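**Student:** Residue numbers (our numbering), protein chains in the order written: chain X, 52 to 204; chain R, 2 to 80.
One thing to keep in mind: the hints can contain errors.
Stated by the list, open to error - Output of the computed footprint for chain R on chain X, the stretches with three or more beta carbons under 8 Å from beta carbons of chain R:
| no. | stretch |
| --- | --- |
| 1 | 55-68 |
| 2 | 71-79 |
| 3 | 145-154 |
| 4 | 157-168 |
| 5 | 172-184 |
Said to hold, decoys possible - Derived CB-CB ranges, DEER-like:
| no. | chain 1 | residue 1 | chain 2 | residue 2 | range |
| --- | --- | --- | --- | --- | --- |
| 6 | X | 137 | R | 63 | 31 to 37 Å |
| 7 | R | 8 | X | 176 | 14 to 20 Å |
| 8 | X | 70 | R | 5 | 40 to 46 Å |
| 9 | R | 79 | X | 63 | 38 to 44 Å |
| 10 | X | 177 | R | 53 | 38 to 44 Å |
| 11 | R | 34 | X | 180 | 19 to 25 Å |
| 12 | R | 33 | X | 143 | 21 to 27 Å |
Unchecked claim - Under the rule of at most 20 Å between Cα atoms (straight-line distance), these lysine to aspartate or glutamate pairs were calculated in the EDC-like manner:
| no. | chain 1 | residue 1 | chain 2 | residue 2 |
| --- | --- | --- | --- | --- |
| 13 | X | 90 | X | 130 |
| 14 | R | 6 | X | 130 |
| 15 | R | 6 | X | 105 |
| 16 | X | 139 | X | 194 |
| 17 | X | 124 | R | 66 |
| 18 | X | 124 | R | 60 |
| 19 | R | 39 | R | 51 |
None of these hints come from the bench; they were simulated from the model.
Remember, predicted model here, so these are calculated numbers, not experimental data.
We put the CB at the ideal spot given by N, CA and C, even for glycine.
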Amino acid sequence: MAAAFEATRVVGGVRLELSGESAEALAEIFRMLSKKIIKGDPRLRRRMFPVAYDRQTWASDFWHDHGESMRNKVCDALDRVFANWPGKGPVTLDLNAVDDWCLALTHAQLLYTGRRAGDLAQRARAGDQAAGNVLWLRSAQSELLIAAVPGLR
Amino acid sequence: MDDEKWVVRLHSDDIATAHSIVYALHRIMGMPIEEAWKRMAEWQERGAADVTSFTNHMEAENLVERFLVFGVQAAVVQG
């Protein structure tokens, strides 16, 4: 995937510009994420929402009480991303929209790897495309956040 | 489960980055950026950082939910 993801601070937020190829790929990744969440992919679910308590019964209760809400909130964020960005062209984001992109870019990484991913750079150098995708998504997220909040540089 | 202390703990992993942790602390908890960098450094060095605590476990759970939605690995721990 080409490293063409530029975030620039503008009045009221951040302007994102993606190359055509990058925009197409990212939109496809976000669509895949949304589909898998809605479908209830168990592996992705475990990656996205690790247990919230050490004690198993409390962890189960937490999932019972919060699981649907968490899934819905991520799906709602993805819907808002697409409502504001049709998968091509530049887009200007306010901070609430930056939140949506930020969480989408994090959860998208979990399509390709677990939270214990090891040395992704080494994996990518060895030709692991999934690791390369994770690194690209991570880099895009950092660029976005640095542009959004000056103190993050 | 109440009348106890419920700590919200962020765990490090290979997905979250320094930037995403600082941003999440700032946006979810309203933590000033400078303080968020300090908590992130603890998160990086120790593999976990306790960010706040509550006497009501539901409040702790609601905050953990917000971090998990943001993609940050978080848990409720009895203090």
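**Student:** Now, for every hint given, state plainly whether the structure supports it.
**Tutor:** Okay, the hints, checked on the actual structure:
1. 55-68: With 0 residues in contact (Cβ-Cβ under 8 Å with chain R), the coverage given for the stretch 55-68 of chain X is violated.
2. 71-79: violated (count 0)
3. 145-154: holds (count 4)
4. 157-168: holds (count 8)
5. 172-184: violated (count 0)
6. X/137 to R/63: 31 to 37 Å: 34 Å, holds
7. R/8 to X/176: 14 to 20 Å: Because 39 Å falls outside the window, the suggested range is violated.
8. X/70 to R/5: 40 to 46 Å: Given about 53 Å between the Cβ atoms, the range is violated.
9. R/79 to X/63: 38 to 44 Å: Roughly 43 Å apart at Cβ, these two residues keep to the hinted range, so it holds.
10. X/177 to R/53: 38 to 44 Å: 41 Å, holds
11. R/34 to X/180: 19 to 25 Å: 35 Å, violated
12. R/33 to X/143: 21 to 27 Å: Given range 21 to 27 Å: holds, Cβ gap about 26 Å.
13. X/90 to X/130: 15 Å, holds
14. R/6 to X/130: Since the Cα atoms of residue 6 of chain R and residue 130 of chain X sit roughly 37 Å apart, the hinted pair is violated (cutoff 20 Å).
15. R/6 to X/105: OK: residue 6 of chain R and residue 105 of chain X at ~15 Å, within 20 Å.
16. X/139 to X/194: 18 Å, holds
17. X/124 to R/66: It holds: about 10 Å lies between the C-alpha atoms, which stays within 20 Å.
18. X/124 to R/60: 18 Å, holds
19. R/39 to R/51: 12 Å, holds
Checked against the numbered hints listed earlier, the structure breaks hints 1, 2, 5, 7, 8, 11, 14; every other hint is satisfied.
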